[in-house]
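**Q** Below are the chains, spelled out letter by letter.
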Amino acid sequence: MTTAVRRGGRRRRRVPLVLAVPALVGLAFLVVPLAGLLIRAPWGTLTDQLFSPAVGQALVLSLVCASLATAICLVLGVPLAWLLARGDLPGRGVLRALVTVPLVLPPVVGGVALLLVLGRRGIIGQYLDAWFGISLPFTTAGVVVAEAFVAMPFLVISVEGALRGADPRYEDAAATLGASRWLTFRRVTLPSIAPGLVAGTVLCWARALGEFGATITFAGNFPGRTTTMPLAVYLALETDPGAAIVLSLVLLVLSIAVLVSLRDRWISTPS
Amino acid sequence: MSRSFRALALAAVAAGTLAGCGGTDTPAAPAGSGSTAPTVSGDITVFAAASLTEAFTRIGKDFEAANPGAKVTFNFAGSSALAQQINQGAPADVFASAAPTNMKQVTDTGAITDTPAVFVRNKLEIATPAGNPGKVTGLADFAKQDLKIALCAEQVPCGAAARKVFQIAGITPAPDTLEQDVKAVLTKVSLGEVDAALVYRTDVKAAGDKVAGMPFAEADQAVNDYPIAACAKAPNSAGAKAFVDYVRSDKGTAVLTQAGFAAP
Amino acid sequence: MTLHAELTIARDSGFQLELDLRIEPGQVLALLGPNGAGKTTALRALAGLLPISAGLVRLDEHIWDRPPEVFVPAEHRPIGVVFQDYLLFNHLTALDNVAFGLRARGADRTTARATARRWLDQVGLTDHAGTRPRALSGGQAQRVALARALATDPALLLLDEPLAALDASTRIHIRADLAHHLADYPGHTLLVTHDPLDAMVLADHLVIIEDGAVVQTGPPAQIARQPRTDYVAHLVGLNLYRGTADGTTVRLRDGGTLTIAEPGTGPVHVAFPPSAVSLHPENPAGSPRNSWPVTITTIEQHAHTIRVRLDGTPSVLADITPATLAELRLTPGTRLWATVKATETTAYPA
Numbered sequence: 025m026t027t028a029v030r031r032g033g034r035r036r037r038r039v040p041l042v043l044a045v046p047a048l049v050g051l052a053f054l055v056v057p058l059a060g061l062l063i064r065a066p067w068g069t070l071t072d073q074l075f076s077p078a079v080g081q082a083l084v085l086s087l088v089c090a091s092l093a094t095a096i097c098l099v100l101g102v103p104l105a106w107l108l109a110r111g112d113l114p115g116r117g118v119l120r121a122l123v124t125v126p127l128v129l130p131p132v133v134g135g136v137a138l139l140l141v142l143g144r145r146g147i148i149g150q151y152l153d154a155w156f157g158i159s160l161p162f163t164t165a166g167v168v169v170a171e172a173f174v175a176m177p178f179l180v181i182s183v184e185g186a187l188r189g190a191d192p193r194y195e196d197a198a199a200t201l202g203a204s205r206w207l208t209f210r211r212v213t214l215p216s217i218a219p220g221l222v223a224g225t226v227l228c229w230a231r232a233l234g235e236f237g238a239t240i241t242f243a244g245n246f247p248g249r250t251t252t253m254p255l256a257v258y259l260a261l262e263t264d265p266g267a268a269i270v271l272s273l274v275l276l277v278l279s280i281a282v283l284v285s286l287r288d289r290w291i292s293t294p295s
Numbered sequence: 034m035s036r037s038f039r040a041l042a043l044a045a046v047a048a049g050t051l052a053g054c055g056g057t058d059t060p061a062a063p064a065g066s067g068s069t070a071p072t073v074s075g076d077i078t079v080f081a082a083a084s085l086t087e088a089f090t091r092i093g094k095d096f097e098a099a100n101p102g103a104k105v106t107f108n109f110a111g112s113s114a115l116a117q118q119i120n121q122g123a124p125a126d127v128f129a130s131a132a133p134t135n136m137k138q139v140t141d142t143g144a145i146t147d148t149p150a151v152f153v154r155n156k157l158e159i160a161t162p163a164g165n166p167g168k169v170t171g172l173a174d175f176a177k178q179d180l181k182i183a184l185c186a187e188q189v190p191c192g193a194a195a196r197k198v199f200q201i202a203g204i205t206p207a208p209d210t211l212e213q214d215v216k217a218v219l220t221k222v223s224l225g226e227v228d229a230a231l232v233y234r235t236d237v238k239a240a241g242d243k244v245a246g247m248p249f250a251e252a253d254q255a256v257n258d259y260p261i262a263a264c265a266k267a268p269n270s271a272g273a274k275a276f277v278d279y280v281r282s283d284k285g286t287a288v289l290t291q292a293g294f295a296a297p
Numbered sequence: 005m006t007l008h009a010e011l012t013i014a015r016d017s018g019f020q021l022e023l024d025l026r027i028e029p030g031q032v033l034a035l036l037g038p039n040g041a042g043k044t045t046a047l048r049a050l051a052g053l054l055p056i057s058a059g060l061v062r063l064d065e066h067i068w069d070r071p072p073e074v075f076v077p078a079e080h081r082p083i084g085v086v087f088q089d090y091l092l093f094n095h096l097t098a099l100d101n102v103a104f105g106l107r108a109r110g111a112d113r114t115t116a117r118a119t120a121r122r123w124l125d126q127v128g129l130t131d132h133a134g135t136r137p138r139a140l141s142g143g144q145a146q147r148v149a150l151a152r153a154l155a156t157d158p159a160l161l162l163l164d165e166p167l168a169a170l171d172a173s174t175r176i177h178i179r180a181d182l183a184h185h186l187a188d189y190p191g192h193t194l195l196v197t198h199d200p201l202d203a204m205v206l207a208d209h210l211v212i213i214e215d216g217a218v219v220q221t222g223p224p225a226q227i228a229r230q231p232r233t234d235y236v237a238h239l240v241g242l243n244l245y246r247g248t249a250d251g252t253t254v255r256l257r258d259g260g261t262l263t264i265a266e267p268g269t270g271p272v273h274v275a276f277p278p279s280a281v282s283l284h285p286e287n288p289a290g291s292p293r294n295s296w297p298v299t300i301t302t303i304e305q306h307a308h309t310i311r312v313r314l315d316g317t318p319s320v321l322a323d324i325t326p327a328t329l330a331e332l333r334l335t336p337g338t339r340l341w342a343t344v345k346a347t348e349t350t351a352y353p354a
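Residue numbers (my numbering), protein chains in the order written: chain A, 25 to 295; chain B, 34 to 297; chain C, 5 to 354.
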């Protein structure tokens with residue numbers, strides 16, 4: 025089959041059918057469920073549900089915990105990424121595999137693992153409890169820990185990839201100008217990997233916000249303290265599906281707002 | 034070939050039987066041993082409250098022994114979650130709930146049309162980790178802020194019962210977590226993560242050495258009735274009915290009593 | 005205040021570099037050699053980006069590198085480097101790039117920017133202070149890189165192929181600019197290049213290295229007159245031969261004989277420029293001159309002359325005018341006679 029060449033212009037590039045059909049199916053697969061939320065939303069009672077104290081509580085808690093978890097991931101994850109990308113360690117490959125495990129581990133399993141280590145009778149938790157009186161399960165801090173555990177690999181992998189792609193010669197240049205290694209890292213390396221860093225941070229935050237399995241297993245469920253939005257949705261589904269849809273819509277709108285504000289900047293590679 | 038023919042025949046018989054006696058409490062064929070009730074086969078899916086885990090698993094095995102060719106699969110979870118699932122169209126044959134309210138959620142939508150039968154009763158007990166590290170003495174301790182306490186969420190039968198009990202006793206509890214089903218609460222206790230929890234008597238028994246139980250007076254005033262019924266759109270209605278009958282038979286009742294359930 | 009470097013660098017690949025350099029203040033030393041000779045390795049060692057395997061790097065009484073005890077890393081050496089790709093920081097403006105070294109060494113932002121602005125004026129880029137490196141042309145980027153390297157007042161300036169990334173016309177212009185700046189700069193300068201013109205124009209002293217070893221050093225003019233290796237000769241565009249002299253006849257090592265002006269004995273180099281070679285369709289008779297049959301292999305067009313490579317005993321390079329090319333109808337494969345006057349040759353002991 026030949027495509028006629030238009031006179032005086034470029035040939036319009038048509039997507040081949042073999043690609044177009046699965047692509048459209050894939051698009052529908054992702055978009056239709058989201059549309060379903062909008063279609064079935066209880067628009068009548070929406071405003072009442074939206075401003076109920078339970079929803080507000082869960083939302084604030086979710087935002088605060090996700091942000092704290094992301095902050096922890098940044099403080100610990102960026103140096104870890106640097107170590108994996110630039111450190112001269114033997115067994116780096118094994119380390120990297122271990123760091124990636126929470127990515128593929130079912131979140132509930134992660135929660136169980138955290139419980140066994142940081143629970144009141146946990147391997148480390150028992151000392152935390154006995155010596156400092158610190159107990160993480162059933163606390164907001166526990167939520168932050170659970171979220172950080174599942175979300176950190178996203179940040180580490182993203183930043184490590186960016187660091188590997190960064191040109192080390194710029195760091196040489198900075199050294200010849202008298203910059204210490206720390207100054208070089210702050211003012212030359214980090215700015216050069218900014219897109220990858222932002223991408224990792226956004227993914228990390230989004231993952232932390234949506235975490236459910238590890239949170240409910242490790243931190244339990246209590247309104248205002250550990251009931252995050254995903255938990256609230258799950259609970260509401262059993263008693264009041266309308267409320268569940270409203271909560272889901274809030275999360276959906278929030279996610280879209282975050283992605284739109286970043287406007288593709290974080291997925292496009294620097295030219 | 035012959036197998037499917039047999040199933041068809043059974044279905045015909047079952048349909049005839051149900052049509053004849055719809056709406057009665059007792060099954061058409063007399064329950065119990067020594068009857069000439071035909072054996073059933075095929076898969077039977079039972080949605081049962083979490084507190085029934087150990088007892089029903091045992092009953093399931095016994096049922097399979099009595100009915101070779103039948104295979105019983107269980108879905109144990111909080112009764113409210115199960116009710117929701119059935120209402121959304123989950124392919125269950127039998128539903129056994131830990132409270133009438135959750136059964137009502139299902140009968141209200143017509144997913145169950147038979148009149149449910151109460152087959153056991155259960156009451157609450159205080160559970161502490163073995164050795165009672167929190168030095169819990171009674172229900173009043175549930176108001177203490179410095180103890181770690183786990184309760185069922187209110188929409189789950191054991192949570193509703195707990196609420197009633199606290200109301201009667203005039204205590205405001207200070208829980209640290211509200212779990213989705215009673216087994217999750219029990220796990221927290223057996224892991225030692227909480228100092229005290231309210232679970233069913235049967236759960237304390239099932240947990241063996243890991244958990245210590247402590248009865249309390251108010252429990253008798255908030256006893257849960259457990260109803261059971263076959264589903265209207267059961268994929269295997271003959272099997273469903275047979276299972277319900279078996280549970281209510283002497284054999285079933287014996288297992289349940291041994292687990293700590295009270296007679297209806 | 006001499007910069008003294010005796011470098012021995014052994015790389016994992018098996019490559020070995022041995023180099024002895026001395027640079028006086030205000031002097032520009034050019035390190036010249038083919039790719040892979042080790043020039044950039046030497047520069048990185050002086051910069052402190054690479055430790056030497058053995059030897060010494062010293063600026064007066066400050067020892068920068070003396071294995072195994074002493075190694076001063078790059079950030080603690082008073083150096084300025086202009087890299088081949090300039091390596092300007094893309095997320096900073098030209099001004100902040102130039103100010104970077106000053107800020108890194110502790111200056112506050114205002115002072116650093118003021119000094120940086122002065123340097124940008126010096127290189128003629130006042131209007132581009134706020135421009136990002138991606139928006140600068142090659143020549144402009146080179147000048148910013150130079151300003152950045154000089155802004156911290158380094159004792160040693162290192163230039164790694166500073167003009168290589170520029171196109172021919174820009175290069176001529178920038179080279180002249182660079183010569184001015186280097187003349188004003190009071191510190192020591194090491195220029196690494198493979199372009200002989202850079203070396204000739206910018207350097208006071210040349211060190212030519214091949215395969216990790218020095219083959220010739222000296223002022224540019226001297227090297228041009230008396231090249232010691234084929235590479236150097238080719239570099240400066242000379243015909244160079246090795247042979248044994250017996251009076252005024254030299255028996256060439258690779259075959260053939262040449263007659264030179266001054267008698268000599270023993271092993272000698274004989275050199276003459278391509279412009280001294282004349283081409284004839286037949287063997288001309290006449291005054292004492294060297295003449296032998298040759299065949300054209302390639303013809304290259306240079307600025308105003310044509311350079312012809314000829315195969316023969318010996319092979320030779322000849323520069324001719326376009327008129328001659330047309331007149332003799334020269335093409336590769338044409339057979340001719342090459343002649344060189346004895347007086348045009350230079351002979352010196354090998």
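These are computed hints drawn from the structure, not numbers from a lab. On a predicted model such as this, the values are computed, not experimentally measured, just so you know. Note that beta-carbon positions come from the ideal geometry of N, C-alpha and C, so glycine has one too. Do not take every clue at face value.
What the hints assert, rightly or not - One-sided and incomplete, this derived list gives chain C residues near chain A with beta-carbon spacing under 8 Å: (1) Ala51; (2) Leu53; (3) Pro55; (4) Val74; (5) Phe75; (6) Glu79; (7) Val85; (8) Phe87; (9) Phe104; (10) Ala108; (11) Arg109; (12) His132; (13) Thr135; (14) Val205; (15) Pro326; (16) Ala330.
Said to hold, decoys possible - Label pairs and their in silico Cβ distance ranges: (17) Gln20(C) / Tyr151(A): 29 to 37 Å; (18) Pro29(C) / Thr124(A): 36 to 44 Å; (19) Phe156(A) / Gly203(B): 29 to 37 Å.
**Q** For the hint on histidine 132(C), does the least C-beta distance to chain A fall short of 8 Å?
**A** violated, 19 Å
**Q** Against chain A, with CB atoms and a cut of 8 Å, does the hint on proline 55(C) hold up?
**A** Cβ of proline 55(C) sits 13 Å from chain A, so the hint is violated.
**Q** Taking the least C-beta to C-beta distance, is phenylalanine 104(C) closer than 8 Å to chain A?
**A** holds, 5 Å
**Q** Is the hint on threonine 135(C) kept, meaning its closest Cβ partner in chain A is under 8 Å away?
**A** violated, 17 Å
**Q** Checking hints one by one. Is leucine 53(C) an interface residue toward chain A, by the C-beta closer than 8 Å rule?
**A** holds, 5 Å
**Q** Should the hint that arginine 109(C) touches chain A count as held when the rule is a Cβ pair under 8 Å?
**A** Holds. Min distance 5 Å.
**Q** Is 29 to 37 Å right for how far apart the beta carbons of glutamine 20(C) and tyrosine 151(A) are?
**A** At 57 Å between Cβs, range violated.
**Q** Given valine 74(C) as an interface hint, is the shortest Cβ-Cβ distance to chain A below 8 Å?
**A** violated, 18 Å
**Q** Is the shortest C-beta separation between alanine 51(C) and chain A less than 8 Å?
**A** Cβ of alanine 51(C) sits 6 Å from chain A, so the hint holds.
**Q** Tell me if the beta carbons of phenylalanine 156(A) and glycine 203(B) are separated by a distance inside 29 to 37 Å.
**A** Holds, at about 36 Å.
**Q** How about valine 85(C): closest beta carbon in chain A under 8 Å, or not?
**A** Result: holds, 4 Å to nearest chain A Cβ.
**Q** Would the hint on alanine 108(C) be counted as holding, given a Cβ-Cβ threshold of 8 Å to chain A?
**A** holds, 4 Å
Comparing the model with each numbered hint stated earlier shows that hints 3, 4, 5, 12, 13, 14, 15, 16, 17, 18 do not hold.
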